[in-house]
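S.K.: What follows is each chain in one-letter form.
2 protein chains.
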Amino acid sequence: MTFKYKNVYINETSTITGPFEAKGPLGRYYDKSYHDLYMGQKTWEQAESKLLEESVELLLTKMDKSKQDIDILISGDLSNQLSSTNFAASHLSIPLIGVYGACSTSCLNLAIGANMVEKKQVKNAICSVSSHNSAAEKQFRQPVEYGGPKPKTATFTTTGAASAYLSQVVSDIKIDSATIGRVIDMDMKDAFHMGAVMAPAAAETIMTHLRDTNRLISYYDLILTGDLGKYGKEILKGYLISEYALDTKNIDDSACMIYDLEKQPVYAGGSGPACIALTTYGYIIDQMKKGKLNKVLIVATGALLSQATVNEKMTIPAISHAISLEVSK
Amino acid sequence: MTFKYKNVYINETSTITGPFEAKGPLGRYYDKSYHDLYMGQKTWEQAESKLLEESVELLLTKMDKSKQDIDILISGDLSNQLSSTNFAASHLSIPLIGVYGACSTSCLNLAIGANMVEKKQVKNAICSVSSHNSAAEKQFRQPVEYGGPKPKTATFTTTGAASAYLSQVVSDIKIDSATIGRVIDMDMKDAFHMGAVMAPAAAETIMTHLRDTNRLISYYDLILTGDLGKYGKEILKGYLISEYALDTKNIDDSACMIYDLEKQPVYAGGSGPACIALTTYGYIIDQMKKGKLNKVLIVATGALLSQATVNEKMTIPAISHAISLEVSK
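Chains Z and F supply the protein sequences, listed in that same order.
According to our numbering, the first sequence holds residues 1 to 329 in order.
According to our numbering, the second sequence holds residues 330 to 658 in order.
Hints were generated in silico from the structure; no laboratory data involved.
Fair warning: there could be bad hints in the mix.
Claimed, not checked - Here are the simulated DSSO-like cross-link-like pairs (lysine-lysine), alpha carbons at most 27 Å apart as the crow flies:
1. F:518 <-> Z:123
2. Z:4 <-> F:448
3. Z:313 <-> Z:174
4. Z:119 <-> F:642
5. Z:6 <-> F:467
6. Z:138 <-> F:335
7. F:452 <-> Z:313
8. F:642 <-> Z:138
9. Z:313 <-> F:642
10. Z:120 <-> F:452
11. Z:174 <-> F:371
12. Z:120 <-> F:503
13. Z:4 <-> F:396
14. F:333 <-> Z:6
15. Z:123 <-> Z:67
16. Z:120 <-> F:335
17. Z:123 <-> F:467
18. Z:120 <-> F:518
19. Z:6 <-> F:448
20. Z:123 <-> F:578
Modelling step: build the complete structure from the supplied sequences, incorporating the hints.
M.R.: In C-alpha cells form, the structure reads like this:
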C-alpha cells in the first residue's frame, strides 16, 4: 500500500546515541552521544526512555517550539509494551500513537505522520524511535554480562534515539511517498541471522513500492535498507539480481554504515529501530542538504520475533516499510 | 487531539471469544466462541493468533470480500512484540500497521483507520485486536497453573478477538470522531489495581474529548470505558463528580458488562484489548442498530506496564483513546 504526498516536509531531526555509535563512521553526524550505556539512569530501560525523551526535547529546542505546540507524537521502540516510549511520553504530555514494527518502526511512524500532515488532520507530528543494546540483549536473549557467544551473522542492537518533526512548512527535505509492507514469513527460525529473516520482506516492499510508483530502481540515488547487515544485504541484492535482473548498485544498508564492521565488535552490523533512523536523520539528510543525494528510498526492516516465539521454536516473520525522500525544489 | 469525521462508517464487525466470555451476559452477541483456551493449537500464543486471524477471515466472509480487497490492516494485541498480530498478518497478507496501546488499542486502531478512510487515503481498513487470558497471565504475571492468589481489585484478561471493517460506504453505524489521549502517570505501582491506574487517563480523555467537541457529558446516551472494572469505574465516576460536578449516570464500563461479576471468577471484571472491542462490536453496535442507543462514546483505557517495569518497581502509566459512534441518519 503506497501513499503519495505533495506537502509533507521533514523540518528538523534530532539524534542522540550511545558510545559505540559515537565511535562509528557516522559519529560526527549525531547531535549528542553518551559515553556509557547507563546515561545516569539506574536501569537500561530507564536509560533508553531517557534517550527517547531527550531526543524529542532536543528536537523541540531546535525547532524553537514547546510540547504544547505539538499535535501528535508517533513513537515506538523494541521494549516489551513500548515501555521506553510510554515513560518518555508520560513526561512529554503530547498525544501519543504507540506503534510497533520492530526495526521497521521509524518508517511506519513517518508514514502515519505524513498521512495526517498531508491531509491537514494535524499541523505537525513528531516521529520517534529508540533502541538500547543492553536492554535489547536482556529482553530478547541474555544480559550482556552472561557473555554468550554469537555467530558472525548476528547483529548488534544500536543504542540511540532519533526524532523527526513533520509539517507542511516547506523545507529542504520532502517526504514524497510511503509504502506500508506486508508480513513475510519464509519459515526462518535462526534468531541469530536477522539479515536472512528480513531480506525477503525488504525485497517485497521495494518491489511493491516501485510498482506502485511506476518507477525504475535507478530512480533513486540511494535505496537504504534498515539493518540487513553484511550478509542480509548480499542476500537482498542477490535475490533482486537473480529474480528481477535488477542493477543493485544503488542499494546500501544502514547496519553496515553505522559501525566500522572491521574494527568494532558488532558482528554483521547494526540493528534496532534506531539504526536506520540515526543513519537517515543524522547522515543521509545531511548529505541531501549538501546536494550529494537527491532522491532516497529508506527501507526499514523488522524481524517480528519475541522471546516466547523463539523459545517455542516458531518461525520468525518480518516486515518492511519504506519512505521516499527528496530534496525539495 | 480530536479528529472529526463526515464519511467514515463501520460496515461490519466480527467477534470470536473464549469460554468465559461465551458464558458471560453478552454471550449471545458474539459470532463464535471456543469451549477451551487452546482452540486446537499447541500454545496460548498460537491460540490467540488463530483467534485474531479467524476474526479477520470471518469479517471478510461477512463482507463477501477477499484479503486482496483490503487496503490496510491495523492491529494490536497484548503479546510482546505483537506476536499474535504478526503471525495472523503473515497468513492474511494484508499491509500491516502494528500498534500498541495495551487495552486502549482498539480505539487507537479505529482512529488511525478512520483518519485514512475519511481522507480517502484508503478505500477500506480492517481494525483488529486480540487478547488471551492464559497468554497474558504467563507474560505479565505467572502461568495460571501456578495458582497465585490475587486481590479483589485484580481484573481478568478477556480471551477473544474482534475486528471492524471501515469504509466510506454508508451503513447504520457512523464513526463521528476520535480523541487520541496522552500518557498519564499518577505514580501508581499496584499491578493488581489496573482500574485505579487507568481511571485518571479515562477522565483526561473524556474531558479532552468533550472540550474539543464542545459537547456536554449528556450528549451521549452511553460513555463506555474499556476495562476499569468494578472499582475503577467508581473511581472515575467519583473523580468526575468531585472535580467537575458532572452527572455520570450515562457512564458504564465494559469490564463490568462482559462478565457476571457475581457468578464468574473474574475478580473486578474484564481487561485486555478484546474486552471493550468485543463489548462494542458485539453488543453495543447491536443495541445501536436496534435503536436503543443513538450516540455512544467508547473510551478504551490501557495500563502501560511490562513485566520488566513492574519487577523494577517503576510506576505504571496509562493512556486512553476515545471513539464516538452514532447511528447514521
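S.K.: Please go over all the hints and tell whether each is borne out by the structure.
M.R.: Here is how each hint holds up against the structure:
no.	hint	verdict
1	F:518 <-> Z:123	36 Å, violated
2	Z:4 <-> F:448	13 Å, holds
3	Z:313 <-> Z:174	43 Å, violated
4	Z:119 <-> F:642	42 Å, violated
5	Z:6 <-> F:467	47 Å, violated
6	Z:138 <-> F:335	47 Å, violated
7	F:452 <-> Z:313	38 Å, violated
8	F:642 <-> Z:138	17 Å, holds
9	Z:313 <-> F:642	31 Å, violated
10	Z:120 <-> F:452	19 Å, holds
11	Z:174 <-> F:371	48 Å, violated
12	Z:120 <-> F:503	22 Å, holds
13	Z:4 <-> F:396	23 Å, holds
14	F:333 <-> Z:6	23 Å, holds
15	Z:123 <-> Z:67	14 Å, holds
16	Z:120 <-> F:335	15 Å, holds
17	Z:123 <-> F:467	42 Å, violated
18	Z:120 <-> F:518	39 Å, violated
19	Z:6 <-> F:448	14 Å, holds
20	Z:123 <-> F:578	36 Å, violated
Comparing the model with each earlier hint shows violations of hints 1, 3, 4, 5, 6, 7, 9, 11, 17, 18 and 20; every other hint is respected.
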